[in-house]
Amino acid sequence: MGRYILQRLTYGLITFFLIATFTFFLMDLLPGSPYQNQEKLTDTQIQLLNDRYGLNDPLPVRYATYLGNLVQGDLGVSFRTANRPVTELIMERIGPSAQLGIQALVLGTFVGLLLGIVAAIRHNTYIDYGSMFVSVIGISVPSFVFAALLQYYVGVKLQWLPVAFWDSPAHTILPTISLSLGVTASIARFVRTEMLEVTGQDYVTLAKAKGLTGNAIVWKHMVRNAMIPAITILGPMTAGLLTGTFVIEKIFAVPGLGELFVTSITLNDYSVIMGTTLFFSGLFIIIILLVDLLYGVVDPRIRLGGDN
Amino acid sequence: MKKKSILLMMTLILALGSVLAACSTGGDSDGGSSSNGEKVLRLTDTSDITTADPALATDAVAFNLIANTMEGLYRLDQDGNAIPAIAEGEPEVSEDGTVYTFTLRDAEWSNGEPVTANDFVYAWQRAVNPETGSQYAYIMNTVKNAEAINTGELPKEDLGVKAIDEKTLEVTLERPDPSFISLTSFGTFTPINEAFATEKGADFSTTPENHIYNGPFTWSEWDREQGYVLTKNDAYWDAENVALEKVDVRVVKDTSTVVNLYEAGEVDYAGLSSEQVAAFQENDDYNTGLRSTVGYFKFNHEDEVFADVNARKAVARAVDPAGIIDQLLNNGSIATTSFIPKEFIKYEDGTDYTEGVSHFETNADEAASLWEEATGGEAVTIELLSFDSEVAKQISEYMEGQIESNLPNVTVNISQQPFNNKLELEANGDYQMSFALWGPDYQDPLTNLGIFTSDNGQNDINYKSAAYDKLIDEASAETAIDARYDKFKEAETLLIEQDQAIMPIYQAGVAYLIRPNVENFNRQLFGADYQYKYVDIN
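Just so you know, the protein sequences line up as chains A and B, in that order. The first sequence begins at 1 in this note's numbering and counts up one residue at a time. The second sequence begins at 1 in this note's numbering and counts up one residue at a time.
Please note that a few of the clues may not be correct.
[Said to hold, decoys possible] Only pairs whose alpha carbons sit at most 25 Å apart, straight line, appear in this in silico DSS-like list of lysine-lysine:
#	chain 1	residue 1	chain 2	residue 2
1	A	Lys250	B	Lys144
2	B	Lys232	A	Lys40
3	B	Lys144	B	Lys156
4	B	Lys144	A	Lys40
Don't read these hints as lab results, they were simulated from the structure.
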């Protein structure tokens, strides 16, 4: 197990390094400069500013400098926000994104599991059709449509909840619900399919033969097995949710990471593009490793590393 | 078992419902920010503060913050006229119009230190110093040696600004410049207290605590990425004429969210996008204003089609701007054929520069025959360069329709590019015609017309006219206001009416909702967008 983790971490580091390299060189192909008012600047002025920010150095030199700084944990400073460190910008915004992501994940998984299990138990009844209808809608309607509807009806018309901002727990409810619907829908569908599949398995028949009650069979034997595919999709979903979703953050004025990432690209804010990309990749690599480890816990048949 | 699971679901739904109900905010829908006696203006902006450093500011948020917390030699009044601020009365101007001597009034920084002439010298030298890396350093080019210092040819001490004594500031210009006075109201020209800035070093102006102010408000709170608060500055020399106690600005990027917040009574102002206008047009809170940005089409004069003046004239006459103004933008924007915005430059007697200016008119027949003349009746395909904004996309599509239906034998292909890519294509002369926006930097026609002289770095239409260069030179050297503007008009007539080097089409407007009890909240055409100094709430 320890060896397996070490091996995966090494691969992770290599992946991380490759991402850093590719992003750095791809970024160089972006047209334009990182200066806000570049239409107003003459070539001489742009050259002067490039000198000031070291952008006139040859690409390999810049790349070496960047890697050198990266190893020391220095992600550079942002062009757009007048020389503020990128690490500071990311740290400031990770809180709201992570909170929103975790809340949506917990709510979505809980409701999704419930819908999926109930639908499978009540297979081919109205409850089944109802919950599948909900999940089809949840998957096919983009979250920002829900967000806009919730904001208008619950926020503006009914005035039950705040329209936007990130000030109190109440402010987090609408964005959480909007973001969780997609999770709910995916989980519900996976769990339902998997539950139906295990219903016919020998061990379920055995459990019935042993005289276990319906509830015990469902919770002890069926749900645990039905969880495995759900964990597969939860991995990437978690990483995606934690790092912020641009649209939901934008609609509810949540000061999160998603927006930082998108605007840095449109504004050519080089150091922020690199910083956020690397942050996201690092998070992805770690979460995918965690998910793989979790498989072993949920399903003892899966042996990690193949050595024991 | 059946009942149990149904029960479970119902319990869950009920629980969720009660959570929703319990969290009800009960916001008041009529707004009324002054209801508790304190006058607070609640606004939103699309971006957080990027910087508060006058030398490093580049965007609207930063310039707005600076205009409301700092004060330069002059400030714009509610009609956009420059009036003395830290300068006490009008300056003495030397006979040749290049040396200005300002006497400063008794004013204080928010830490009690006096505002002195040296604060200006320090701030201006700092802005042009290449070490600072200011992207707006060029705005100071009118001050003697500014450009040479910025390119590293001269030391910063050679800048044409001197502190004669604590209250006397002497500024030397490169050449006479009647727009210099209003330019001193611009953010980059505001003073900085040297002792304070040096003490703070790299932290200067990075947070409200690391900054001091000499303007109507102080930047008092900052919740990063969420918003900031400006509080009335009691140390401001004209504090008695500032009505607002606080301005609370929240960061909201989505325009429909802003409108929802407005409807829920949580903010006092909401900008509207063109699609939102129809829903609110009849509303009492609905208003429109003008901006100084001009939307225009560039013709590449090195392109084989548009090298011919008749081809350029044909396109300009083939398009009816009404469709853009009334249908696409519908937000107070106005049609124009001048490259100088309306309500921006005024003659001595107050007449608007653009009054009576009409360089060309829509005329489909004339357009068609000019096009025949230019192309000899051959089929031509034009590529129209545009960029990735909704407005640019719609306007380009409208142009395509107008040109194809009003000109014979022509096909228009729109090339919609990311904005940065479009700028690069233009700079390389790799386009035929292109949609662009231009906003002026100072209150003089030179800021707009100057970019089309033969050797100007921003002349990416490749227009080369010795006659035009000469007229611009003469106009820039003219110090008598009326004669100066007349000369510029002459140059503009050559540029647009005779040579049709560009095709101006509209001046941008802005549509918004504002609480009826908010007074004097007017968008400025020059410098920062708003001045909270004049705003009152009843």
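Hints, one by one, checked against the model:
no.: 1; hint: A:Lys250 with B:Lys144; result: 45 Å, violated
no.: 2; hint: B:Lys232 with A:Lys40; result: 34 Å, violated
no.: 3; hint: B:Lys144 with B:Lys156; result: 11 Å, holds
no.: 4; hint: B:Lys144 with A:Lys40; result: 20 Å, holds
When held up to the earlier numbered hints, the structure conflicts with 1, 2 and fits the remainder.
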